[in-house]
Amino acid sequence: MLEIKNLHANINGKEILKGINLTVKPGEIHAIMGPNGSGKSTLSSVLTGNPAFQVTEGEVHFYGKNLLELSPEDRSREGVFLSFQYPVEIPGVSMVNFMRTAVNEHRKYKGLDPMSASDFLKLMREKKDLVELDNKLANRSVNEGFSGGEKKRNEIFQMAMLEPRLSILDETDSGLDIDALRIVANGVNKLKSKDNASIVITHYQRLLDYIVPDFVHVLYKGRIVKSAGKELALELEEKGYDWIKKELGE
Amino acid sequence: MMEIEQSYIKIYNDFGQLIKDNSAEVMNRNRDKAFAQFEKFGFPTRKSEDYKYTDIRSRYAIDFGMNLRRVSFPINPYSVFKCDVPGINSHLFFVVNDSFYHDPQGDTSSKEIEELTQQGVLIGSLREHAEKHSELIAQYYGKVADIEDDGSVAFNAAFAQDGFLLYVPKNVIIEKPIQLINVMRASSDTLANSRNLIILEEGAQAKFLECAHTMDACNFLCNRVTEVFVGKNASFEQYKLENTSNNMTNIGTLYIEQNEGSKVLVNEMTLHNGLTRNNIRINLNGEHAETTLCGMAIGDKEEHIDNTTVINHNAPKCHSTELYKYVLSDKATGVFAGRILVKKDAQKTEAYQSNKNLCATKDAHIYSKPQLEIYADDVKCSHGATTGQIDENALFYMRSRGISEREAHMLLMLAFTNDVVEKISMEALKSRIHLLVEKRFRGELSKCAGCAICKE
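Chains A and B are the protein sequences, given in the same order.
If you count by numbering that gives the first Met the number 0, then the first sequence holds residues 0 to 249, one letter each, in order.
If you count by numbering that gives the first Met the number 0, then the second sequence holds residues 0 to 455, one letter each, in order.
If you're looking for bench data, these hints aren't it; they were derived computationally from the structure.
Please note: incorrect hints may appear among the correct ones.
Stated by the list, open to error - Pulled a few chain A residues facing chain B out of the computed Cβ check, cut under 8 Å:
(1) T47
(2) N49
(3) I89
(4) V92
(5) T100
(6) A227
(7) G228
Said to hold, decoys possible - Computed footprint of chain B on chain A; a stretch qualifies when at least three of its residues, placed anywhere within it, have a C-beta under 8 Å from a C-beta of chain B:
(8) 70-76
(9) 104-113
Glycine included, each C-beta is placed from N, C-alpha and C at the ideal position.
Turn these sequences into a full structure, and let the hints steer you where they fit.
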């Protein structure tokens with residue numbers, strides 16, 4: 000579904016991604032780990048079209064479409080979803096209005112009529128339960144005054160509403176206590192199917208106890224320097240990144 | 000001397016008697032004095048600190064017609080106006096240009112008036128009431144509109160012949176909102192001077208909604224002065240909705256005098272206009288008076304919106320909250336000058352002011368001048384002004400959920416103005432304004448939905 004070839008990207012003229020290659024197939028879960036500043040969040044930003052980053056080289060195809068040519072909104076409508084590391088607060092825009100607009104724009108893209116108000120509210124109720132999101136939060140402004148845990152649960156709630164084909168979870172575990180982590184991970188697992196895939200960006204093995212990856216990649220200085228099965232995460236947890244740096248001759 | 004002023008001075012010299020003959024004696028008492036002041040000051044220029052960013056004077060250079068003979072215009076606003084705000088259910092009145100309108104059909108307006116007069120309320124043409132109740136009107140008319148302070152107000156006092164009066168006696172509560180539509184209707188460029196006088200005696204309550212509309216594409220200039228007296232423990236709400244055309248210059252001066260324990264809410268919203276200048280002066284004269292003053296301006300093209308406000312805390316233990324928001328795009332210009340003055344003896348004052356602005360394009364400009372002057376030592380006061388652009392992070396967040404850039408922009412601008420709209424206490428009006436603002440941001444707004452008054 001996703002094919003990244005030799006991807007290079009800059010921010011403010013500084014090269015962060017220096018040739019990423021990655022292939023993701025339906026049904027797979029890929030974990031991306033790596034030390035601070037290695038480019039993990041940049042990769043998620045570039046895949047979702049954040050205008051702050053410039054792609055200088057390489058290709059990304061999503062189901063055969065050139066992803067880099069699509070606007071952020073069209074990438075979303077094609078089925079790419081990013082769970083933000085730092086979800087943005089939008090005072091004055093209610094969750095209901097935000098989600099209804101998003102869902103209906105997705106439907107329009109697929110040539111479907113907008114959802115009726117009652118169907119929409121029913122859908123919201125259903126999906127909210129998945130991540131145990133408080134009823135009251137739905138009536139509030141997007142992320143405004145939400146706790147760290149609520150913000151992350153809200154990301155997974157949005158993911159459930161939009162049913163993406165590819166989800167990128169950018170440090171969804173950061174700032175979560177054990178209970179919230181379990182709720183978020185359960186939500187992700189319930190949404191998993193043989194037709195969709197996830198890229199899970201994390202610092203810690205802990206999340207991968209709940210969301211078990213098929214592949215673990217180590218991103219270092221803008222490149223994937225090591226890929227293996229889930230056991231790699233355990234090894235990293237135990238030994239840190241120094242041994243990888245050594246392997247690279249640093 | 001001043002060229003622009005000369006033509007108006009000549010009109011007054013030639014037609015002063017005609018103006019007086021077509022007005023009320025109470026309104027004429029200070030007319031010559033006001034004219035003398037205008038002759039002395041002329042229109043305010045940008046040299047004056049209060050008009051530094053808004054040139055209203057040059058707007059008077061257009062060769063406007065003035066309807067000094069009070070010829071009536073061939074429209075019946077009651078038949079074209081269908082305010083379909085669901086549940087607004089207002090007492091409806093019209094000032095066409097600068098004359099109070101009587102319905103020749105007989106009587107949408109007088110039936111309404113009848114209902115209220117049974118409770119002692121006076122409502123309708125200022126000129127007529129000034130003739131019938133000269134003693135009462137003389138106690139209030141021109142008492143706070145300061146002709147010695149502002150050439151524009153002096154001009155109005157010299158030329159205004161009519162307008163709207165609302166008098167609510169002690170402890171009378173008017174449940175339904177009073178809606179006054181100021182509509183401009185003419186076949187050539189027209190200048191209108193009108194006066195509103197609103198008096199609420201002790202314990203009285205009223206809500207007043209003033210809408211400004213234009214029916215024709217000529218150049219219009221309105222200079223409207225409103226004086227409001229809010230008695231002890233009385234409660235008054237004033238909403239002003241401006242939805243006109245780019246050929247309109249709308250100068251509104253609002254004076255509010257508040258007695259002890261009175262509550263006032265003012266919310267002035269500009270959706271569409273050419274040049275807007277709102278002067279607001281509120282005097283808190285008795286203890287425990289409360290004021291909420293807010294406003295919203297949406298400007299595009301070359302629209303110019305200036306809100307210059309003064310809140311004087313003259314008495315202790317009063318409370319004022321002020322909130323103004325601007326959303327400007329294209330080459331629109333906004334001005335906010337908000338002054339809060341806390342007098343020496345006004346201890347335990349609470350005064351909060353906030354002005355937030357969004358410039359959606361590079362060529363949009365806002366001049367913000369918050370001023371807090373405090374002479375008392377035991378007060379809680381704050382002011383803040385921010386000006387910024389659309390939040391790029393929020394924009395990307397929304398787009399990453401599939402919301403188009405245009406729609407995301409719109410939602411963010413709506414969100415920005417949301418808290419001003421939320422200050423409206425009438426639910427029906429609030430939801431309509433939400434809709435109008437959304438349409439405005441979508442570029443679909445030409446009229447207030449069902450109301451057929453404004454032609455494009």
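Results of checking the hints against the structure:
1. T47: holds (5 Å)
2. N49: holds (6 Å)
3. I89: Holds: closest Cβ of chain B sits about 5 Å from I89 of chain A, inside 8 Å.
4. V92: holds (5 Å)
5. T100: holds (5 Å)
6. A227: A227 of chain A check fails; min Cβ-Cβ to chain B is 30 Å, beyond 8 Å.
7. G228: This hint is violated: G228 of chain A lies away from chain B, its Cβ roughly 30 Å from the closest one there, beyond 8 Å.
8. 70-76: Answer holds; 6 residues pass the 8 Å Cβ test.
9. 104-113: It holds, with 3 qualifying residues against the three required.
Consistency note: the structure conflicts with the earlier hints numbered 6 and 7.
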